[in-house]
Amino acid sequence: MKKTIKLLILLAFPLFLTFLSKTSISAQGVIESENYEIQMPNLNSGAGIPSSTNFGVNSTIGQTASGLFSSTGYRVKSGFQYIHSIIPFSFQISKLAISFGTLDPETPKTDSHTLTVSAGGAGGYQVKAFENNPLKTFNGLSTITDTACNTNCDEEIAGEWTQDTKYGFGFNIDGDDIPDDFTNTNYFRQFADISSSEIPQIVMSSIYVGKNREATITYKVNVSSAQEAGTYTNFITYIAIPTY
Amino acid sequence: MNTKNKYLLKLFVLSSVFLIFTNKVSAQELNISVTPPITEVLIVPGKEIVQSYKITNDSDSKLISVNIVPFLPDIKNPEEIILNEKEGLIESDVYKNWFSIEKPEVNFGEKFNLPSNSEQEIRVKISVPKNATLKDYYFTILFSIEKLNTIISENSLQTVAQIGSNILITASEKEDSYKAAKTILFSSPFIIDSLQNIKLKVIIENTGKTFTKPTGKITIENLLTKNTETLSLSPLNILSSYSREIYCLDKEEIIPCKSSPKILLGLYKSTLNYNLDEEDKNYQEITYTFAFPFSLIISILIILIIYKIIVSRTKNKD
Numbered sequence: 001m002k003k004t005i006k007l008l009i010l011l012a013f014p015l016f017l018t019f020l021s022k023t024s025i026s027a028q029g030v031i032e033s034e035n036y037e038i039q040m041p042n043l044n045s046g047a048g049i050p051s052s053t054n055f056g057v058n059s060t061i062g063q064t065a066s067g068l069f070s071s072t073g074y075r076v077k078s079g080f081q082y083i084h085s086i087i088p089f090s091f092q093i094s095k096l097a098i099s100f101g102t103l104d105p106e107t108p109k110t111d112s113h114t115l116t117v118s119a120g121g122a123g124g125y126q127v128k129a130f131e132n133n134p135l136k137t138f139n140g141l142s143t144i145t146d147t148a149c150n151t152n153c154d155e156e157i158a159g160e161w162t163q164d165t166k167y168g169f170g171f172n173i174d175g176d177d178i179p180d181d182f183t184n185t186n187y188f189r190q191f192a193d194i195s196s197s198e199i200p201q202i203v204m205s206s207i208y209v210g211k212n213r214e215a216t217i218t219y220k221v222n223v224s225s226a227q228e229a230g231t232y233t234n235f236i237t238y239i240a241i242p243t244y
Numbered sequence: 001m002n003t004k005n006k007y008l009l010k011l012f013v014l015s016s017v018f019l020i021f022t023n024k025v026s027a028q029e030l031n032i033s034v035t036p037p038i039t040e041v042l043i044v045p046g047k048e049i050v051q052s053y054k055i056t057n058d059s060d061s062k063l064i065s066v067n068i069v070p071f072l073p074d075i076k077n078p079e080e081i082i083l084n085e086k087e088g089l090i091e092s093d094v095y096k097n098w099f100s101i102e103k104p105e106v107n108f109g110e111k112f113n114l115p116s117n118s119e120q121e122i123r124v125k126i127s128v129p130k131n132a133t134l135k136d137y138y139f140t141i142l143f144s145i146e147k148l149n150t151i152i153s154e155n156s157l158q159t160v161a162q163i164g165s166n167i168l169i170t171a172s173e174k175e176d177s178y179k180a181a182k183t184i185l186f187s188s189p190f191i192i193d194s195l196q197n198i199k200l201k202v203i204i205e206n207t208g209k210t211f212t213k214p215t216g217k218i219t220i221e222n223l224l225t226k227n228t229e230t231l232s233l234s235p236l237n238i239l240s241s242y243s244r245e246i247y248c249l250d251k252e253e254i255i256p257c258k259s260s261p262k263i264l265l266g267l268y269k270s271t272l273n274y275n276l277d278e279e280d281k282n283y284q285e286i287t288y289t290f291a292f293p294f295s296l297i298i299s300i301l302i303i304l305i306i307y308k309i310i311v312s313r314t315k316n317k318d
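Protein sequence lines correspond, in order, to chains A and B.
FYI, our numbering numbers position 93 of the first sequence as 93, with every residue one higher than the one before it.
FYI, our numbering numbers position 144 of the second sequence as 144, with every residue one higher than the one before it.
For reference, chain A alone in the conformation it holds in the complex:
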């Protein structure tokens, strides 16, 4: 009998710890005004036709009944009405710092990371990218220009970049929902340079509901022997936006 009790404790205690570790407190979605406040237990903000059996309101949060708009002066709907699931719009980047190490002339250096988007509760999506400026030294006096690839490429159109005598900085993207001009992993583009008023460009996009859409961005830098010594750096910004 004692052995059985001990065995039960042995099995039950870890399960209890597991339960504790999984318990989390989730914030409630709120829309409020001077007159009222609605606490939404399912924060897709009541988006869509609620699938939960505990959730009996209509597909919109806010004022839906006729005449309420005229008394309150507003009506609010949150989330997409055609999506029942409560899936947030999420964006992942596998690492935030990209390192090229020491740069040697005519020896291209690359590093990469992965972007992942889940737009399950948001229909389609787009991810745009831009750089604050080309790679520069801290004092801003020396620059590694954006690549022109083997013959020609810019922030809108990718080009093949395989020759070690072609210098600069650029990126390739490979995976889901990427622009068509990235024919293969040898095709590169410049980042849109916001300091030159270039417009951020789409690197991933889809019109469809997507889950775990994944693409790998490979950054490449290649310098000539005339490149001034120094530590070169810049900031790349990715903007992930759901559809409207």
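I should point out that these hints are in silico values taken from the structure, not numbers from a laboratory.
Predicted model only: the values in this text are computed from it and were never measured.
Be careful, since some hints might not be right.
[To be verified] With the Cβ distance kept under 10 angstroms, some of the chain A side facing chain B (calculated, not the full set): (1) Q92; (2) T102; (3) A119; (4) F138; (5) D164; (6) Y167; (7) F182; (8) T231; (9) N234; (10) F235; (11) A240.
Don't be surprised by glycine CBs; every beta carbon is placed ideally from N, CA and C.
Since the structure of chain A is provided, determine the placement of chain B on it from the hints.
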């Protein structure tokens, strides 16, 4: 080691194993999500609402800041959102009186800590000024996330992530604004092979004063057998004065509008029927497609030719 100690050791080992294997393991350095992805507001100028956003950070601690930027769709590709950063709240005063952050107590553009594996509620007050022009206003609320400490010691680049959620505001004195649409395109191929699908393309222009959603269906009817198939339109927002391709909806999935895979034969009539935000006015368009078994006939012909060649060669040998 006595029995009691052995027992405690077993308990410790087993508990550790459970905890290690049940905790979420994430190889992502940034893993962020936002909800809701869209907010639609119909509001009388002078009124205000508070909208709550939930930011979930399933990665290390980060710095976060909030900005709200007007947007418009790209004219050539209306699916693409063009942000007007110059009129964003950080860069300009154009919409300064329209928005404020109620929780946490920070200003737009001010960085604050987003702890690891946490949820942060961000409450934004939307106040449309009394003198605002009665029309639509489109914004994206952007949450910028970056590393806590950035030390640059070698040739490198740093990544900043921004995740957005759209806010569509209609400033109006009345609930039912003028809504109207024009079907720019409803097309299908005129002739297809019997083994192909009927692919339909729908582009609708919003000629009304506020953003709207088409609600409706496409009915594909075989004029010979009278068999029909119905596709549901996805109620995507079409912004005022813009057109947008409308896709179909299968349960919760947005899919291309096309007939289901089966052998088609004869003349098919596809009828598009929709209204705007479930109002009474109905819009209708029709297109026709003829399905003929080209591939089947070609296959039979090839088989017959091969058969004939084989038969004639066999006869010659004899």
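So, going through the hints one by one against the coordinates:
| no. | hint | result |
| --- | --- | --- |
| 1 | Q92 | holds (4 angstroms) |
| 2 | T102 | holds (7 angstroms) |
| 3 | A119 | holds (8 angstroms) |
| 4 | F138 | holds (8 angstroms) |
| 5 | D164 | violated (17 angstroms) |
| 6 | Y167 | violated (14 angstroms) |
| 7 | F182 | violated (17 angstroms) |
| 8 | T231 | holds (6 angstroms) |
| 9 | N234 | holds (5 angstroms) |
| 10 | F235 | holds (5 angstroms) |
| 11 | A240 | holds (5 angstroms) |
The structure shown violates the earlier hints numbered 5, 6 and 7.
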